[in-house]
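Here the structure of chain A is known, so what remains is to put chain B in place on it, guided by the hints.
Protein sequence lines, in the order shown, are assigned to chains A and B. Under the working numbering, the final residue of the first sequence carries the number 1184; numbering is consecutive throughout. Under the working numbering, the final residue of the second sequence carries the number 225; numbering is consecutive throughout.
Just so you know, the hints here were simulated from the structure itself, not pulled from any lab data. If you're wondering where the values come from, they're calculated on a predicted model, not measured in any experiment. Each residue gets a CB set at the ideal place from its N, CA and C atoms; glycine is no exception. Any given hint could turn out to be false.
[Said to hold, decoys possible] Capping the alpha-carbon separation at 30 Å, the derived lysine-lysine pairs in DSS-like fashion look like this: (1) B/LYS143 - A/LYS1034; (2) B/LYS161 - B/LYS85; (3) B/LYS84 - B/LYS152; (4) B/LYS206 - B/LYS111; (5) B/LYS85 - B/LYS152; (6) B/LYS161 - A/LYS1034.
[What the hints assert, rightly or not] Here are some chain A residues the structure puts well away from chain B; computed CB gaps all over 12 Å: (7) LEU829; (8) THR843; (9) VAL864; (10) VAL865; (11) SER956; (12) PRO957; (13) PHE958; (14) ARG961; (15) LEU1001; (16) LEU1002; (17) LEU1009; (18) VAL1079; (19) LYS1128.
[Claimed, not checked] Taking CB as the label site, the calculated pair distances span: (20) B/ASP205 - A/GLU839: 47 to 53 Å; (21) B/GLN108 - A/LYS986: 52 to 58 Å; (22) B/LYS151 - A/ALA790: 42 to 48 Å; (23) B/SER154 - A/GLY795: 43 to 49 Å; (24) B/TYR110 - A/ILE805: 34 to 40 Å; (25) B/ARG147 - A/HIS1127: 50 to 56 Å; (26) B/ASN140 - A/LYS871: 33 to 39 Å; (27) B/SER202 - A/LEU803: 16 to 22 Å.
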Amino acid sequence: MTGVWTMAAIWLGLALIATLLSIWLRVATALSEIVVGTVAQLIIGALIGGAILGTGEGWITFLSGTGAIVLTFLAGAELDPVVFRAKWKEATAIGLVAFFAPFLGCAAIAYKVLHWTLPASWLAGVALSTTSVAVVYAVMLELGLNRTEYGKAVLAACFINDLGTVIALGLIFSPFTLRTLIFVVASIVVFIILPWLTPRFFHKFGNRPSELETKFILLLLFGMGALASWAGSEAVLPAYIIGMVLAGTVGKDHILIRRLRTLTFGFLTPFYFIRAGSFVSVPALIAAPFVFLTLFVGKMVTKIAGVYPAVKFFKYKKLEARYTTLLMSTGLTFGSIAALFGLTHKVITQAQYSYLVAAVIVSAVIPTLIGNAFYLPKHLLPEDELPPEPMHRTPHKAGDRS
Amino acid sequence: MIKKLLVAFDGSPESHAAFNFALDLAQTYKAELQVVAVVQFPEPPMDVETEAFLESGTNHYKNLFRELHKKASAVAIPIKTVVAAGRPEMQILHHIEQDKADVLVIGHQTQSRLGKWLVGSVTDKVVDHAPCTVIVVKKEHKRA
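Next up, chain B with everything else stripped away, as it sits in the complex:
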């Protein structure tokens, strides 16, 4: 039985697809739905710039969350949204544990080889280490 769903959200089309998929699941299973977005700092974090990143990132995600809240309230599903800070994979794993999520829904990332080599794929790392079931959603997914 799925009671708690966690969606990893970064504003990309893939993460919107993941949210849509999770919303369908939440309706089907009458599950709680939480969305987590992560503000990532550049390396190495620099004086003043880090705070600026945090502020603009938080505002950016809060604006994006409005659309998610609208979608969710249209189907009468209450959602909880959180903006975290740090390395995305670590924060997503932390929220799975903290919120005792049964399923993580995450978008499928398409990255160039160079991009994967340089920064790696958040999805790959989360799939490898998550203590729960992970559903990876392709961006073509539309709500039923």
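Just chain A, with the same shape it has in the complex:
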């Protein structure tokens, strides 16, 4: 066991360094962990040998995979079902366009311009089709738009966008056999039963120190993940949808969500993001920087080409339309999950993985930087640029989600 404890200490040491850097530089912990993973692999790999990190060890792969699954579940559980029901038409239309435009566009760019194989091109499309709900949510909250009809619709559209991504990831590389059919049917049954069963089960047996709720959620995620994997699909697909269907019940249990977050950020996701970062090949990025730049520009252009006309169709004002388009061009969590899926399933090479992760990171950072640089707060905007009256409700109260 000495080797395992030593390796665990190294990983948690790296996680701690990443966390300190994220606090110091005020960047997202995940971003910091990916970068620390890349640098650690580069330095340790050059000095001692890449094996010291043990990225292929079974227990590290398990913790990393669990991190991705639980994080995806929590992301799905952030959906507000009331808002979604109220705005589903608009949200579905914008969300689907926001997914399909970069998915098809980036896949075409990877295939035609970069001459990637067809499966690798599809994976590039999936990885670059995502939208960061968190980026959109943070900006909406800052502008006080999270309470407006506009803000609610855009937030709901982000969930539809990411749902498109996980469905594509879960099914596009699936062999479509009888197992796929069993997985799809079983999933539908589980997704229908869960919102009814879970609150009743928790009410009867939960709220005890034995943490029944956490065990139940993990059982669901592992069980459905196993079924997905058996069918040749991806475990994050059921995890995200389970999160969405339980958003109205489990998602509202703040204490349970907080406990799951502690488990996720404190122990699981460092393994996931550091491992994801350790596979990034810096020499590959240096050798062909235009590849990841092409992917990044491809994502931005296809998102803009898809989202801008869609939001204009719903008669959003010029300012809102520009914001929405910019915000929906971001995405880190699902982009990195899709890229890592491609690498571990040998759909893409390590160099292609590196280009994709770099493009995903840049797509998470640049649009927000542009937003920060060019965003003018409402009180500095000329009168004709101001949103209509309902959007003036800018309470900016932290904690208000809907």
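Relative to the frame of chain A, chain B by itself:
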């Protein structure tokens, strides 16, 4: 005449000094006093982590506000406290406008050159853009 005072508060010794100073001013001018604290997200905001930041930040500031309420009630000055979210300078400027504050009281930040280069100074940005008088308080200020 000062009728409304706004204090930018982040829990630092400098912001406590700013609050003490504003409390003195509020007593002197019989002015309304509002305190705003801002939960800042890391960049780029990440799924799940953003919500966690918001929750823990809100709870953190609500706990700190208890001490401010105690201090204010000891001198019979009613205060209003608000937790906002986003970039601090933007939220502070927004609250100056929204609450029509006559004076903003803010703590003086001491930052390394690297820190200033990386994230900039909230105080500098607010002083540059505020539409009202801004008083920058050094952390040595004690209540009279």
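Kindly indicate which numbered hints from before are broken by the structure, ordering the numbers from low to high. none
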